[in-house]
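*Asks:* Could you slot chain B onto chain A? The hints should help.
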Amino acid sequence: MSEGRSHVPGGQCTVLLAVLAMAALTAACGGGDFPQSSLRPQSDVAREIDTLFRGIFWLAMGVLVIVEGVLLLVIFRFRERPGAEPPKPVHGHVLLEVGWTLAPALILIVIGVPTMLTLWKIDRPAVDPDIRVEVIGHQWWWEFKYPDLGINTANELHLPVGQTVDLRLRSADVMHSFWFPRQAGKRDLVPGRENQLWFTPDSVGVYPGQCAEFCGTSHALMAMRLYVDTAEDFERWVQGQAEEAADAGALQPPDPAVEAGLEVFFGAGGCISCHRIRGTPAAGILGPDLTHVGSRGTIAAGVLENTPENLALWIKDPHDVKPGNLMLDMGLSDEQARQVAAYLLSLK
Amino acid sequence: MATANATVEERSEGGGLYAGGLWSWITTVDHKRIGILYFVSGLFFFLVGGLEAMLIRLQLTVPGNNVLSAEAYNQLFTMHGLTMVLFAVMPMAAGAFNYIVPLQVGARDVAFPRLNAFSYWLFLFGALLLNASFFLGGAPDAGWFAYANLTSSQFSPGHGMDFYILGLALAGAASIVAALNFIVTIINLRAPGLTFMRLPLFTWMTLVVSFLIILAFPPFTIGTIFLLFDRMFGTLFFEPAGGGDPVLWQHLFWIFGHPEVYILILPAFGIISDIIPTFSKKPLFGYPVVVYSGVLIAFLGFGVWAHHMFSVGLGPIANSAFSGLTMLIAIPTGVKIFNWIATMWGGAIRLRAPMLFSIGLVAMFTIGGVSGVMHASAPADLQQTDTYFVVAHFHYVLFGGSIFGLFAGIYYWFPKVTGKLLNERLGAAHFWLMFIGMNLTFFPMHYAGLHGMPRRTFTYPAGFGFETYNLLSTIGAGVTFLAIVLFLLNFLRSLRGPATASDNPWGAATLEWATSSPPPEHNFDLTPQVTSRDPLWHDGIVLPEAEDFRMPNPSSWPLVVAGGLLLAAAGALVGLPLALLGAAVALVGIFGWSFEPIH
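Taken in sequence, the protein lines are chains A and B.
Quick note, the first sequence lines up with residues 41 to 388 if you use our numbering.
Quick note, the second sequence lines up with residues 39 to 637 if you use our numbering.
So that you can see chain B by itself, here it is in the shape it has in the complex:
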């Protein structure tokens, strides 16, 4: 399948697109297949992280409960955070970046298709390596932000923290590689006429998030390498007895960790900025302002990290500065919310499943934003930090925001990817159950936290007034669980259903709906030339007469290189020979990759 040209119609013929054996998936460099792989892996880890959350809630149902030991609980809350942030939300968003962005910019693939396959495999291996720790002596148990010096070999003598370092090193490298690929794709592969100020908001936010990733992950990688050296070679970066400073880790972590929050939420903002206009039958209100506010949120996101550290004792000057900067972020965020509402104002709103989840995001994220302003105030935060109030806040932002946004995207793009529609009734039931479930789970946590319940405690005493809140939260988690079961039923049932979706079932305006559902391997027979911001609403597409193009060959070298790096990482745990073998495999892979013909 080396070449194709605009007239080959047999390529897009019935059913064959996602067919082909396992090998065709393993060697694929098609951005759509890689997008599906990312999404399915992310969904799998979303379920894993969800089960971890259910166990946590089960343990906290009543005071003094014994469902889990302290050790098991600490591993589960650590892995729940890591899994949801890095292996559920990010890859599900990456699935959408992969599948949708090239379509939205009118391209036939990403800029570097093999590199794209490489980032997927490396992400998957990082996730599997980290989760393997459950079966190899215990998962990391120092929280997802893993504060030094609890993570030193003295206080964390097991291998859990080594799995943390190595698993996240692989996943972090995968994210950086993928981000570079998307930056080049969006800047260089836009269809003719598709200027920056005509880009769909989802593509815009993908671009912003990609810059966030390449700027935010390196400090974290440096921190984990320091930690690796401390643990394996006896250096003293975070060791106070040797002149090191555990607070250094906090700075390195949060200058990654805070932008990471925007890495998780901005894709969701992008998704609903495309959905709300579609289901209001109105163009996005204040398009340039929505774009700039997204860029501004990302920019400010690098100047607020120490608001996670108000209780560390950095002094009033630092605390004032970080308090003030953090408050500033409320402005562009508020502006986005106002523009979404203004888009709906005067529109013809259709409350289909994608729109329900989008409105759910606006409603829930607003609650998370409002509680966020409460702990932007440093003195108030001294009471709130490390309590369930903060747990409530960031779940309104991440569950009510990112997860609702991703589900909006799933319902919205499912027909594009599969040619089939998800069931609307089940979709609405899923939405309402999840809406009730998340509020029942996370709303009471505000009260538990303000009334003095710290987070990350495997148990709590009776008589402090925490009982009712925790019971409600656990019931809410059960409701959310049911909602996800409904979604899975809907998802699997629809996959087997008839392909009834048209090319543009929602009447949307952006380029991904200009091709068939599902799109052919080469996306567009003819590269569309764009003449307006909402091309499908304004006859804004001009097609060339004919066009020649070639699609890239499948390749197994990306998998070989990623596999070599996995072996090298495992070698850091097992021994030098394995590490050297891994390095050799990776080198062979890079060599083979370099001399392989692309087309």
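With the rest of the complex left out, here is chain A:
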């Protein structure tokens, strides 16, 4: 009774599946550039994970195609037909049951062994790290400290290419998760604990990352940026950051906007109660260190490009840019906001 062709509308299913498969392929290939993709690894750890994932992926695809294929075959082949004999009441088959219990078990061994090997390779403290960075998560920005280099910066991490970084992760408030997909998997920043993460970036470039654990209203706007520099560029950056802030009064030629901005920053703006600028009386610790804010590519935790207009917008209406954040709206005029922006941008 099992032979005999099905006359049923199998065609429409096949067409539909073909359309779905095409849609899937288009989705897979479309779009082009994926700057934050875990499938474009640029470090030793990310490559380990990617290799493991690709192996599992193709094995899983094999299983998927076989199971769905047999399912489709069964649907088309064993359709009820008028006049056919009733099906045989088969209740089971011991060998088959044993077989399809063992088959997935074997596949899982093939997946499990490399999983464990990779896990023990990456889930351990860094061995002989070249550089140490402390990461502190805040609602909703990142604080980066280089304890050996005396650097304190925010939202933009600079690392030398080919050097292993040992990250120590903490949180100042709630749970966050540190994630540069092209460098490593996620690691949470847990209040009251210190977590570790290491990787060795292997390609010079600029990479986006962002918080991956829901951490409140503006979780979506807690991004960050990683600059993987050549050894020389990194050295230059370190020297620039280690210095105290530029003296705004000594600019050549003098810039009246910058000087006016300085007045507001240290006066009516009240900025110094939360922000620090080394080499000046500004010594607040609640917000990001602004000693070299002018040298950063982005502001507001990777949300805006660091341009005079964006910076002024951020200073004037921080809550329009990032709902719920702790920066106070000091009621500055447009003019004052532009001046403060000019001053901050002078802090290269």
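Since the hints were made in silico from the structure, they are not lab data.
Here the structure is a predicted model, which is why all the values come from computation and not from measurement.
Any given hint might turn out to be false.
Some chain A residues close to chain B (C-beta under 10 Å, calculated; not the full set) [as the list claims (entries may be wrong)]:
#	residue
1	86
2	88
3	100
4	118
5	121
6	125
7	126
8	128
9	167
10	185
11	189
12	190
13	191
14	215
15	235
16	258
Just so you have them, the derived chain B footprint on chain A, three or more residues with Cβ under 8 Å [to be verified]:
#	stretch
17	77-85
18	151-159
19	243-256
20	347-359
A partial selection of chain A residues facing chain B, derived with a Cβ cut-off under 8 Å [stated by the list, open to error]:
#	residue
21	93
22	124
23	145
Just so it is clear, CB atoms sit at the ideal spot from N, CA and C, and this is done for glycine as well.
*Replies:* Coordinates of chain B only, in the frame set by chain A:
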């Protein structure tokens, strides 16, 4: 309507069964009416959760969209998860437990009919209390798993989290009570001859799920009570500054949260394990293996919770153990899928609506299972956790699995409950639209996640390659919405249609089809004695000569007790007097309940 005996035929006479005023529904202790109440409430919250999902998709259609504020978005994704898990899928499944299980075991009601009414009202009050938060200062907005310490009074100063704690406390208690009722019903009220290894798979999975509920909800309740104390009385369970640990919440939550996933999927597995044999005209292949694999999935489900926590930094030993155990679950799950396919193999398959949705479940759940194995691998999961890849995975499991299974059950049992048939053409259209819609919605999310899009973000920037995927997902959500509209049309139209369904319209084998459609209040005039696993296929029923029985009285005390507990919960928000009043009402209710004659 106190007593009845086997010869009263007027009881089952035309149309009167579900008639009666509002009061008869409020005081009902009939498992069938309570099942309908559960189902209709679950369907209502399914629509609410669906609208929340539509708003979420609308906001994410394009990068930088402004349909919703960050605050509104965070409330909606939190409530979408809570609503779908606890107030849509669970009660719709509970509706089927209530209506079908007593029929499948040949009983006249559940073991504790008034307790059954109590669990329904308590569930409903929990759901209403939680949703009332939308109108009383804002819904909870920390995600359905509500990680500490974001939920502390410092970081969540509004009342949203209090509604979460209190609403889920009521609903959780309701679930535990209902689960105990079903365990006793299935173990004690089986018809003569209906041994465990003859039970229909749906009843088996109800039993397994009931054990899961009574074991999984208590740790969660403990977690919410800790949180309640932290928020209201200044304790420091999750407060790192005071020596507490926010990771403790994650353990308490996920040792509930992971079994909860099986609480959602195993009823669907049970439903299609009854449907596939019916529409293949073959007995279930490997019956004992399908039963044992369900039990094994439930058992293993308690040993894998920390696979939700691979990025927390528990260390390689814990991560290896949880990674390995999680992979093991793929074995019994795979075995089930193979047995369903083997049941169809060599069968005479009728692609009616219940079968379409059952096959849809097998096809879609397999995709979700395969992506599940990908993040069972802890290192791979470090890239996937908290991204849209995971969102894609669990929607293949919960939408492609639980929801497809529940719709299979709706089309399958609708004639039993109403005596009417749902329209097959509309049913097929509903299936295909929903099938296309869900794949269009959730398949692109795999790519969005792997390419670096985190979940729970109210917006995303342009230029990261997320645009196409999100646009496709939103279009897919629109298609799914249309599918649900078609279903509602079909449902309402058929309810008004003629009662044309026979007692056993599908030619099924299990006991619920041995009585009339719809069944009389007492289910069976004579208690069937069962002599085989598929009694209706093998003349496997022997009826006694005559029988005396009495049906329980309607009662309003369960509603009074549940109402008292609602007042007590509200009192935790409003003030002590209301809480005391609520406790007093509940006590009076329990007193009245205890001294009320049952028959």
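*Asks:* Taking the least C-beta to C-beta distance, is residue 88 of chain A closer than 10 Å to chain B?
*Replies:* 7 Å, holds
*Asks:* Does the closest beta carbon of chain B sit nearer than 10 Å to the beta carbon of residue 126 of chain A?
*Replies:* 6 Å, holds
*Asks:* For the hint on residue 189 of chain A, just tell me whether its beta-carbon gets within less than 10 Å of chain B.
*Replies:* At about 25 Å, which exceeds the 10 Å cut-off, the nearest Cβ of chain B leaves the hint on residue 189 of chain A violated.
*Asks:* Does residue 118 of chain A pass the interface check with chain B, least Cβ-Cβ distance below 10 Å?
*Replies:* Interface hint status for residue 118 of chain A: holds (5 Å vs cutoff 10 Å).
*Asks:* Closer than 10 Å between Cβ atoms is the bar; does residue 190 of chain A clear it against chain B? Give me holds or violated.
*Replies:* 27 Å, violated
*Asks:* Given a cut of 10 Å on the nearest C-beta pair, is the interface hint for residue 235 of chain A held or broken against chain B?
*Replies:* 4 Å, holds
*Asks:* For the hint on residue 100 of chain A, just tell me whether its beta-carbon gets within less than 10 Å of chain B.
*Replies:* With a closest approach of 4 Å, the residue 100 of chain A hint holds.
*Asks:* Would the hint on residue 128 of chain A be counted as holding, given a Cβ-Cβ threshold of 10 Å to chain B?
*Replies:* 6 Å, holds
*Asks:* Would you say the stretch 243-256 of chain A counts as covered by chain B, given the rule of at least 3 residues with C-beta under 8 Å?
*Replies:* The restraint on the stretch 243-256 of chain A holds, since 8 of its residues have a Cβ under 8 Å from chain B and three suffice.
*Asks:* Holds or violated: the hint that residue 145 of chain A contacts chain B, with Cβ atoms closer than 8 Å.
*Replies:* Result: holds, 6 Å to nearest chain B Cβ.
*Asks:* Hint validation: residue 191 of chain A versus chain B, beta carbon distance must be below 10 Å. Holds or violated?
*Replies:* 25 Å, violated
*Asks:* Holds or violated: is there a CB of chain B closer than 10 Å to the CB of residue 125 of chain A?
*Replies:* With a closest approach of 9 Å, the residue 125 of chain A hint holds.
Going through the hint list in order, the structure does not satisfy hints 9, 10, 11, 12, 13, 20.
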